[in-house]
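*Asks:* One letter stands for each residue in the lines below.
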Amino acid sequence: DAEITQSPRHKITETGRQVTLACHQTWNHNNMFWYRQDLGHGLRLIHYSYGVHDTNKGEVSDGYSVSRSNTEDLPLTLESAASSQTSVYFCASDPRTDTQYFGPGTRLTVL
Amino acid sequence: SQKIEQNSEALNIQEGKTATLTCNYTNYSPAYLQWYRQDPGRGPVFLLLIRENEKEKRKERLKVTFDTTLKQSLFHITASQPADSATYLCAFLGGYQKVTFGTGTKLQVIP
Numbered sequence: 108d109a110e111i112t113q114s115p116r117h118k119i120t121e122t123g124r125q126v127t128l129a130c131h132q133t134w135n136h137n138n139m140f141w142y143r144q145d146l147g148h149g150l151r152l153i154h155y156s157y158g159v160h161d162t163n164k165g166e167v168s169d170g171y172s173v174s175r176s177n178t179e180d181l182p183l184t185l186e187s188a189a190s191s192q193t194s195v196y197f198c199a200s201d202p203r204t205d206t207q208y209f210g211p212g213t214r215l216t217v218l
Numbered sequence: 721s722q723k724i725e726q727n728s729e730a731l732n733i734q735e736g737k738t739a740t741l742t743c744n745y746t747n748y749s750p751a752y753l754q755w756y757r758q759d760p761g762r763g764p765v766f767l768l769l770i771r772e773n774e775k776e777k778r779k780e781r782l783k784v785t786f787d788t789t790l791k792q793s794l795f796h797i798t799a800s801q802p803a804d805s806a807t808y809l810c811a812f813l814g815g816y817q818k819v820t821f822g823t824g825t826k827l828q829v830i831p
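So the protein lines, in turn, are chains Z and A. Counting from 108, one number per residue, gives the positions in the first sequence under this note's numbering. Counting from 721, one number per residue, gives the positions in the second sequence under this note's numbering.
The set of hints was computed from the structure by calculation and includes no laboratory data. If you're wondering where the values come from, they're calculated on a predicted model, not measured in any experiment. Do not take every clue at face value.
[Unchecked claim] Far from chain A, by Cβ distances over 12 Å, these chain Z residues were calculated:
1. R124
2. Q125
3. N135
4. V159
5. E179
6. S191
7. Q192
[Said to hold, decoys possible] Heads up, simulated SDA-like pairs for lysine to any residue below, C-alpha to C-alpha not over 20 Å straight-line:
8. A/K723 with Z/R151
9. A/K783 with A/T807
10. Z/K118 with A/R762
11. Z/K164 with Z/P182
12. Z/K118 with A/P760
13. A/K723 with Z/L146
14. A/K818 with Z/D201
15. A/K737 with A/S805
16. Z/K164 with A/L813
17. A/K818 with Z/D180
18. A/K818 with Z/T178
19. Z/K118 with A/G761
20. A/K818 with Z/G158
21. Z/K164 with Z/A189
22. A/K818 with Z/T206
23. A/K775 with Z/D205
24. A/K826 with Z/D145
25. A/K826 with Z/L146
26. A/K791 with A/Y748
27. A/K818 with A/R771
28. Z/K118 with Z/V217
29. A/K818 with Z/R175
30. A/K723 with Z/V167
31. A/K818 with Z/Y171
32. A/K826 with A/T798
33. A/K775 with A/T789
34. A/K783 with A/Y752
35. A/K777 with Z/T206
36. A/K779 with A/A799
37. A/K818 with Z/T204
38. A/K777 with A/H796
39. A/K826 with A/T738
40. A/K826 with Z/G147
All C-beta atoms in this analysis are idealised placements derived from N, C-alpha and C, irrespective of residue type, glycine included.
Bound conformation, chain Z alone:
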C-alpha cells in the first residue's frame, strides 16, 4: 500500500548541530509539506513544495531548509539546532485535492 513515512521517529541532539529529518511518500504526490506541532500552537507550516526543485517558506521557516530532488522525498534540515526547535515534526503530502495525508511524526529534542 502507498504510504508516507518519516525517520527517525525520535531524535535527541545538541544545540548547534545540524539535523536532517526524512520524509518519504510512495503516492507520487506533487505537493509535500512540513509542519511542527507544539502545545498551544497547533500545527504550523514550516516549508512546502509543489514539485521537484520547488520549495517555499511557510509561517515558521527560520532556521529550517528543505530540498526536493525527486517526487518521493522532502528532507527537512535544521541548520544549527536550537532548544526552541524541540517539537514534534509532521510531514504531509496531497495529490492536489482537498485532503492532506500525514506521516507518523518525528519527536525531536534539542538539548
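Given the structure of chain Z, go ahead and fit chain A onto it with the hints provided.
*Replies:* Structure of chain A alone, referenced to chain Z:
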C-alpha cells in the same frame, strides 16, 4: 491573517451522547473547512471537508456544519463511543493547498 480558534479545554461526554465541537474563524470565510482526527503519537487523519456554499456534510456518525454568518463550523459525533476519544482539529484550506490548523479540541468519551 486568517485565524482558526478551537476550544482548548477538553470535552468530556458520556458514551451514546452527541459530541459537538466548535471551530471559529476570523476575517474572511474560507472556501473550505476541514476536520481531522489526531490520536496520541500519530499524525492527523482527514475526516470531512465542507465548502463555503454547503450548509451541512455527513459521513456515517459524523456531521459538519458551516455558518458563514457566525464564522463558525460545528462538528458533531452522534452516538459517541470510547473509540471516538481523540483530539479533533479544524483547518482552513487557503490558496495553493496551504492549510492553517486550529489548536484542536480533545474529546474524551466516558463509558
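*Asks:* Z/K164 and A/L813: Cα distance at most 20 Å?
*Replies:* This hinted pair holds, its Cα atoms lying about 17 Å apart.
*Asks:* Has the given pair, A/K818 with Z/D201, been kept, meaning a C-alpha gap of at most 20 Å?
*Replies:* Between A/K818 and Z/D201 the Cα gap is close to 10 Å, so the pair holds against 20 Å.
*Asks:* Compare the distance between the alpha carbons of A/K783 and A/T807 with 20 Å, and conclude whether the hinted pair is satisfied.
*Replies:* holds (16 Å)
*Asks:* What's the verdict on A/K723 and Z/R151, does the C-alpha distance respect the 20 Å limit or exceed it?
*Replies:* Since the Cα atoms of A/K723 and Z/R151 sit roughly 12 Å apart, the hinted pair holds (cutoff 20 Å).
*Asks:* For Z/E179, is the shortest CB-to-CB distance to chain A above 12 Å, so the non-interface label stands?
*Replies:* For Z/E179, whose nearest Cβ neighbour in chain A is about 17 Å away, the distance exceeds 12 Å, so it holds.
*Asks:* Does A/K777 pair with A/H796 here, judged by a C-alpha cut-off of 20 Å?
*Replies:* holds (10 Å)
*Asks:* Would you mind confirming whether the straight-line C-alpha gap from A/K826 to A/T738 stays at or under 20 Å?
*Replies:* holds (15 Å)
*Asks:* Run the distance test for A/K783 versus A/Y752: straight-line Cα separation, threshold 20 Å.
*Replies:* holds (15 Å)
*Asks:* For Z/N135, is the shortest beta carbon distance to chain A beyond 12 Å?
*Replies:* holds (16 Å)
*Asks:* Does Z/Q125 really sit off the interface, with its C-beta more than 12 Å from all C-beta atoms of chain A?
*Replies:* holds (25 Å)
*Asks:* Hint check: A/K818 vs A/R771, CA-CA at most 20 Å. Holds or violated?
*Replies:* Within the cut-off at roughly 15 Å; holds.
*Asks:* If you draw a straight line from the CA of A/K826 to the CA of Z/D145, is it 20 Å or shorter?
*Replies:* Given that 20 Å is the threshold and the Cα spacing comes to 15 Å, the pair holds.
In summary, this structure violates none of the numbered hints.
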